[in-house]
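Here the structure of chain V is known, so what remains is to put chain D in place on it, guided by the hints.
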Amino acid sequence: MSTITPLKDRDALSTWAADLKTERASGAPVVIRVSMGTCGIAAKTTPVLEALQSEIRSQQKESQIEIVQTGCMGLCHSEPTIEVYDRQTQQSIFYGNVKPEQAPTLIREESSQAFGVDVLTQNWYRPEETDADVETAQARIVLRNTGRIDPESIADYVGTQGYAALANVVTTMQPDEVTQTMIDAGLRGRGGGGFPTGVKWQFAAKQPAGEKYVICNADEGDPGAFMDRAVLEGDPHAVLEAMAISGFAIGAAQGVVYIRAEYPLAIERLELAIQQARDCGLLGTNILGSGFDFDIELKYGAGAFVCGEETALIHSIEGLRGEPIFKPPFPAVEGLWEKPTIVNNVETLANICAIMRRGAKWFRQIGTEKCPGTKVFALAGKVKRVGLVEVPMGTTLRDIIFGVGQGIANDRAFKAVQTGGPSGGCLKTEDLDTPIDYESLRALGSMMGSGGMIVMDEDDCMVNIAKYFLEFTLDESCGRCTPCRIGNKRLHEMLVKVCSGRADMRTLEKLRQLSDTIKDTSLCGLGQTSPNPVLSTLRQFRREYLDHVMNHKCTAGVCSALVRYDINERCVGCTLCARNCPVSCITGAPKEHHEIDQERCIKCGVCQQACKFHAVDKH
Amino acid sequence: MSTTCCERDTVIDDQPEARQTLDTYLDSLPLTDDSTRNRGFLIQSLHKAQDLFGYLPESVQLLVANKLGIHLSQVYGVISFYSFFSDTPSGEFRINVCTGTACFVKGAGKIVEEFTRLLGIDEGETTGDMRFSLGGLRCVGACSLAPVVMVNERVYGNVTPEMVPEILNDCE
Chain V
1 MSTITPLKDR DALSTWAADL KTERASGAPV VIRVSMGTCG IAAKTTPVLE
51 ALQSEIRSQQ KESQIEIVQT GCMGLCHSEP TIEVYDRQTQ QSIFYGNVKP
101 EQAPTLIREE SSQAFGVDVL TQNWYRPEET DADVETAQAR IVLRNTGRID
151 PESIADYVGT QGYAALANVV TTMQPDEVTQ TMIDAGLRGR GGGGFPTGVK
201 WQFAAKQPAG EKYVICNADE GDPGAFMDRA VLEGDPHAVL EAMAISGFAI
251 GAAQGVVYIR AEYPLAIERL ELAIQQARDC GLLGTNILGS GFDFDIELKY
301 GAGAFVCGEE TALIHSIEGL RGEPIFKPPF PAVEGLWEKP TIVNNVETLA
351 NICAIMRRGA KWFRQIGTEK CPGTKVFALA GKVKRVGLVE VPMGTTLRDI
401 IFGVGQGIAN DRAFKAVQTG GPSGGCLKTE DLDTPIDYES LRALGSMMGS
451 GGMIVMDEDD CMVNIAKYFL EFTLDESCGR CTPCRIGNKR LHEMLVKVCS
501 GRADMRTLEK LRQLSDTIKD TSLCGLGQTS PNPVLSTLRQ FRREYLDHVM
551 NHKCTAGVCS ALVRYDINER CVGCTLCARN CPVSCITGAP KEHHEIDQER
601 CIKCGVCQQA CKFHAVDKH
Chain D
1001 MSTTCCERDT VIDDQPEARQ TLDTYLDSLP LTDDSTRNRG FLIQSLHKAQ
1051 DLFGYLPESV QLLVANKLGI HLSQVYGVIS FYSFFSDTPS GEFRINVCTG
1101 TACFVKGAGK IVEEFTRLLG IDEGETTGDM RFSLGGLRCV GACSLAPVVM
1151 VNERVYGNVT PEMVPEILND CE
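Same order as they appear, the protein sequences are chains V and D. Each residue of the first sequence is one higher than the one before, starting from 1 at the first, in the numbering used here. Each residue of the second sequence is one higher than the one before, starting from 1001 at the first, in the numbering used here.
Chain V with its partners taken away, still in its complex shape (with noise of 0.2 Å):
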């Protein structure tokens, strides 16, 4: 990597982009992209690059291959993946669950496919375009840059057109031309929320000139959403870029990243990244001879769901309990220590270097009218190809799930997807085609959320879902306002009866009223949403409800109240049940049939486990 120096002006960063165009052209003819996000990593894929590395050494192919580390590929599958990107024909081979011992092939032959790995797909996608790959319907502009560059080397980044944007809004632009240009591209909060992030700039350029933040709200706290994580690990410029460029919009000199502390790999590349770009002159003071200073720092997160919601992530800044408070004033007015504050989330954040980049009018060509661009979703649950998936907004859930997930892991059928975390709600079947935006998830009862998908089969029951949502909630919950506090764990209660066969059909019709007078009262987002998945799953899954209700009966087994075991005839008499029941509630002497004893067995199910000859049926 060249030497870092600070860059004067715009001139030195366009040279500096070009030497990188020119270095590149001439480097290695093959180029090998390992994918070392932390699922990556948690996949064993270190030493898959450290075999590779080797191999490169031993076979002294130093000036034939480059191996790049990367941030997540999206394949996350078929952990460890690689890339094999010939530079002359621009064609790439992707390879999933690559192993050390396949290294020596693998650099032998470089892009063949001769060598026993699993060859996942080819030329996959093409970042920034929208006629990507027809069978994966996918379209990348937010994880353009992620799983292709290095992340921890911003000449990576610089070389991929990085900070032209800025570059270009510092020197040539005024604050309100580029407010303007978001307000144009219709850009809507990806966080969840959904509201126009040019309008949010707009408040806050409005507010007297001073002390303003800019905060990106990098605390991803919807269980089973991973696509912040993903940006951030894979292309921590993109963000720090569009925040500087988005407290010049709005005249702050200050921003914020923060960001939850389970996620330590994302805090290293962006503590590295933060200072790489102070070292080239690109945060800072005077960035690029523009006159424009500006810093960003990190602040950690602590385990707080709710620290999603934006006052209690201002109050966690603050350094107190991480509680919100009622709206208005809105940040954009009096966000952090009281200032003019915009709160962006990190996908929002990767957004708009490409739209500073391309114009609103390019941006405006993708997804649908009023919902502009693309959409990222970490598919993951029951489903054959779990991943990260950026698709245009308006594709259909079943492109999503049987396109580009290709369908129902362990042939099973689907029965459910759940969209917007523990706020959002759960969809069937017949839903399956509707296309996918802010409003018509809305009007089916769910919502966009921040983008978790979470794609369920037969084997679940929802109703256990529901309580599950709940659990996660009450244990989420700060305590400020009853309806959230008692409200949901009423509600929770409710459940536990359900679940456990002890419910009437009262019980369901308080579980409504309850849900809605929660809806209604609850002080932030997450009270008001938190009764969603009961809610959705009541209207979309009533059947399962009236199930356990009724004929006290768990059709997917996982309910363990109504759910009974018994011995059939197939019962040999070997005794392996009874010597592993964990309760001693089986008897019969050997070689004979034995019983289960229903009023002590405890339904673990072990005596099911343990029986070799299907003899223990389970209702």
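Just so you know, the hints here were simulated from the structure itself, not pulled from any lab data. Keep in mind that this is a model prediction, so the values were computed, not measured. It cannot be assumed that every hint is accurate.
Unchecked claim - Think about it this way: if two alpha-carbon atoms lie no more than 25 Å apart in a straight line, the pair counts; the simulated DMTMM-like pairs of lysine to aspartate or glutamate are:
hint	chain 1	residue 1	chain 2	residue 2
1	D	K1048	V	E271
2	V	K603	V	D566
3	D	K1048	V	E268
4	D	K1048	V	D86
5	V	K21	V	D86
Chain D in isolation, oriented as in the chain V frame:
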């Protein structure tokens, strides 16, 4: 006021090296006369302190409170609010089962049950010999590996109940 309530733990004095590091860290913060603004450094200071001492006993809380010029009750209020902070010591091996949605639908509950059965402790408890603590963990964003178990800093993915004894064996 009875005197017993003022009997403070001695953790801070028992670990002079950790105390020294924490002192240096706190002194390096760009504190001002404005105690409201200084409070903005509280959460990061507590992260640092918990890294050093493993948990946040009262003596450590008091040191942080005094350096930042805020009241001990405010420090305690923050510690009790955020799930990351703990004022009780944990075991040598902190076993955390991810409680995220992907892990939940892929059977994290069964994993917790197995740990509970083998260790004889419930979630949120520590074994008598201070070897193992069992707890839940907020989503770590490694949903493709669900269900996920973290033991201290080590991540185990695609965990099955059968793997639980192996994971415990690894803790040596």
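Hint-by-hint comparison with the structure:
1. Simply put, K1048/D and E271/V have alpha-carbon atoms about 16 Å apart, close enough for the 25 Å limit, and the pair holds.
2. Straight-line distance between C-alpha atoms of K603/V and D566/V comes to about 11 Å, which keeps the hinted pair within the 25 Å bound.
3. For the hint pairing K1048/D with E268/V, the CA-to-CA distance comes to about 15 Å; that is within 25 Å, so the pair holds.
4. Distance check on the hinted pair: K1048/D and D86/V sit about 45 Å apart at the alpha-carbon level, beyond 25 Å; violated.
5. For the given pair, K21/V sits about 16 Å from D86/V by alpha-carbon distance, which is consistent with the 25 Å threshold.
Checked against the numbered hints given earlier, the structure breaks only hint 4 and satisfies all the rest.
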